Amino acid sequence: MKVTRVSVSNFLSYKQAAAEFDSGINIITGENASGKTNLVDAIFFASIGRSSRHTREREIINWDSNIGARITVKLEKKFSKHEIDIYIDNSGGKRILIDGQPIQKMGELMGVLNIVFFSPSELTLIKGSPQDRRRFLDISLSQQSRMYFYALQRYFGLLAQRNKILKQYKLSSTLADMLELTDREMAKVAAIIINERNKHIIALADYANASHKKLTDGKENLQITYETENLNFDDLENDIYKLFKVAYNDDVKQEYTTTGPHRDDVKITANDIDLRKFGSQGQQRTSVLSLKLAEIELFKKRTSETPVLILDDVLSELDESRRNALLSSLVGIQTLITCTEFSKENFINCRAFQIKDQKILIQDI
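If you're matching positions, the sequence shown starts at 100 in the working numbering and goes up one per residue.
Note that these hints are calculated values from the structure, not bench results.
Quick caveat: nothing in here was measured; it's all calculated off a predicted structure.
Just so you know, even glycine gets a beta-carbon here, dropped at the ideal spot from N, CA and C.
Take the hints with a grain of salt, since some may be wrong.
What the hints assert, rightly or not - Ranges between beta-carbon positions, derived for each pair: (1) R157 with N370: 43 to 51 Å; (2) S403 with K318: 46 to 54 Å; (3) R157 with N423: 39 to 47 Å; (4) K352 with G381: 36 to 44 Å; (5) E440 with E354: 50 to 58 Å; (6) K455 with L280: 54 to 62 Å; (7) T103 with D316: 22 to 30 Å; (8) N370 with E328: 36 to 44 Å.
As the list claims (entries may be wrong) - DSS-like mimics (lysine-lysine), calculated; alpha carbons at most 27 Å apart, straight line: (9) K269 with K344; (10) K298 with K180; (11) K204 with K173; (12) K287 with K226; (13) K263 with K352; (14) K226 with K312; (15) K177 with K204; (16) K180 with K352; (17) K266 with K287; (18) K458 with K101; (19) K376 with K226; (20) K352 with K341; (21) K287 with K366; (22) K318 with K266; (23) K269 with K287; (24) K344 with K101; (25) K204 with K263; (26) K400 with K312; (27) K366 with K400; (28) K341 with K298; (29) K313 with K180; (30) K366 with K399; (31) K318 with K287; (32) K226 with K366; (33) K399 with K173; (34) K400 with K176; (35) K313 with K399.
Based on the provided sequences and hints, a complete structural model is requested.
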């Protein structure tokens, strides 16, 4: 899989810009705040349906625009070509077209363009909250499985409904009966989510450890475990339903749902050290990179396509040995690397761009 062309209008810092990418390594240079991250964020948006940094759609429209923003991404897969068009109006309304046809559900976008994204903010995958680690799983799995994406959407809709009932009717004698139908349906979709996450982590673990050994010159073993309640995976739906019943009194007291996949976590250790609590910044950074490289291998195995890798301002954060180990892993992967400057000696047969004055210029190397 590769992105062949990206064009944007009134998107973040860009009034109008376009770039055509090579199938190998693409270097995007420029000063800080020049728009490098904004360019790769357009690709992230075309893959996931939202920005990697901005929570509200209105925020991605160029402040000087009164006609909204547009992103167009052209891509090629092994046996097909596609074009993704995204329009954001001034009120933040979003319209997405795939090959000229408007989509009816966001799930239709999932899997059209697969990406693996790594930026300094991704360090929260290790040192951040459980929510950050769940987000990593959900973005990866949603691209690989529309069933998972729809289950996730359904679960959070039911969760909001259940929490609303707990808050509004906590003193009602019929509260337990009111929750019964919701609990049954939540257990059904929660079982899909937990099962898929657990399988994903098991499959990810070996690839991540292999990448980590390469990045650390064999000095560290990386272990990854999905942390959920003590559940019987042979009867997962029923076990989750029982958990809701056991947690009922706590849920009523707290006025929200205290158990379920929205509370799960991922344990990440190196040489039996829990990196979430005790890992150094270097260990955390290397572990995230190992997870991202492992994610690429899982995409290839599950979809038979190699995802596009985006490395946003991370090379400067790595020492020379880790940087060289990373670059040697990029063979056969379309990679977009943003950086303030680069050494020609480190990159062979790559395409280079320079961002200057909100323009994307091809750079001689």
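Results for each hint:
1. Between R157 and N370 the beta carbon distance is about 46 Å. The supplied range of 43 to 51 Å therefore holds.
2. Taking the beta carbon of each, S403 and K318 are about 34 Å apart, not inside 46 to 54 Å as hinted.
3. Distance hint check: the CB atoms of R157 and N423 are about 42 Å apart, consistent with the given range 39 to 47 Å.
4. Checked against the hint of 36 to 44 Å, the C-beta distance between K352 and G381 comes to roughly 42 Å, which is consistent with it.
5. A hinted range of 50 to 58 Å holds for the C-beta pair E440 and E354, which are about 53 Å apart.
6. Under the hint 54 to 62 Å, the C-beta atoms of K455 and L280, about 59 Å apart, fit the expected range.
7. Under the hint 22 to 30 Å, the C-beta atoms of T103 and D316, about 36 Å apart, miss the expected range.
8. The hinted window of 36 to 44 Å between N370 and E328 is violated, with their beta carbons roughly 27 Å apart.
9. This hinted pair checks out: K269 and K344 have alpha carbons roughly 15 Å apart, not beyond 27 Å.
10. Under the criterion of a C-alpha separation no larger than 27 Å, the hint pairing K298 with K180 is inconsistent with the structure, at around 30 Å.
11. Restraint check for K204 and K173: satisfied, since their Cα atoms lie roughly 20 Å apart, inside the 27 Å limit.
12. Restraint check: the Cα-Cα separation between K287 and K226 comes to about 31 Å, which exceeds 27 Å; the hinted pair is violated.
13. Among the hinted pairs, K263 with K352 is consistent with the structure: their alpha-carbon atoms are about 13 Å apart, no more than 27 Å.
14. With a CA separation close to 20 Å, the supplied pair K226 and K312 stays within the 27 Å bound.
15. With a C-alpha separation of about 25 Å, the suggested pairing of K177 with K204 holds against the 27 Å cut-off.
16. At roughly 53 Å between alpha-carbon atoms, K180 and K352 are farther apart than 27 Å, so this suggested pair is violated.
17. Annotation: proposed proximity of K266 to K287 holds, straight-line Cα distance about 23 Å (limit 27 Å).
18. A C-alpha spacing of about 22 Å is found between K458 and K101, which places the hinted pair at or below 27 Å, so the restraint holds.
19. Straight-line distance between C-alpha atoms of K376 and K226 comes to about 7 Å, which keeps the hinted pair within the 27 Å bound.
20. At roughly 18 Å between alpha-carbon atoms, K352 and K341 fall within 27 Å of each other, so this suggested pair holds.
21. With a C-alpha separation of about 25 Å, the suggested pairing of K287 with K366 holds against the 27 Å cut-off.
22. Proximity of K318 to K266 is assessed by CA-CA distance (about 51 Å); at most 27 Å being required, the pair is judged violated.
23. Restraint check: the Cα-Cα separation between K269 and K287 comes to about 24 Å, which is no more than 27 Å; the hinted pair holds.
24. Between the alpha carbons of K344 and K101 the distance comes to roughly 48 Å, so the proposed pair goes past 27 Å and is violated.
25. With a C-alpha separation of about 25 Å, the suggested pairing of K204 with K263 holds against the 27 Å cut-off.
26. For the proposed pair K400 and K312, the alpha carbon gap of about 21 Å is at most 27 Å, so the pair holds.
27. Restraint check for K366 and K400: satisfied, since their Cα atoms lie roughly 24 Å apart, inside the 27 Å limit.
28. As the CA atoms of K341 and K298 are separated by approximately 22 Å, the hinted pair is consistent with the 27 Å bound.
29. A distance of roughly 34 Å separates the Cα atoms of K313 and K180; the hinted pair therefore is violated under the 27 Å criterion.
30. The hinted pair formed by K366 and K399 meets the criterion: a straight-line CA distance of about 24 Å does not exceed 27 Å.
31. Between K318 and K287 the alpha-carbon distance is near 42 Å, which puts this suggested pair outside the 27 Å criterion.
32. A distance of roughly 11 Å separates the Cα atoms of K226 and K366; the hinted pair therefore holds under the 27 Å criterion.
33. At roughly 20 Å between alpha-carbon atoms, K399 and K173 fall within 27 Å of each other, so this suggested pair holds.
34. Under the criterion of a C-alpha separation no larger than 27 Å, the hint pairing K400 with K176 is consistent with the structure, at around 15 Å.
35. Proposed proximity of K313 and K399 is supported: the alpha carbons are some 20 Å apart, at most 27 Å.
Comparing the model with each earlier hint shows violations of hints 2, 7, 8, 10, 12, 16, 22, 24, 29, 31; every other hint is respected.
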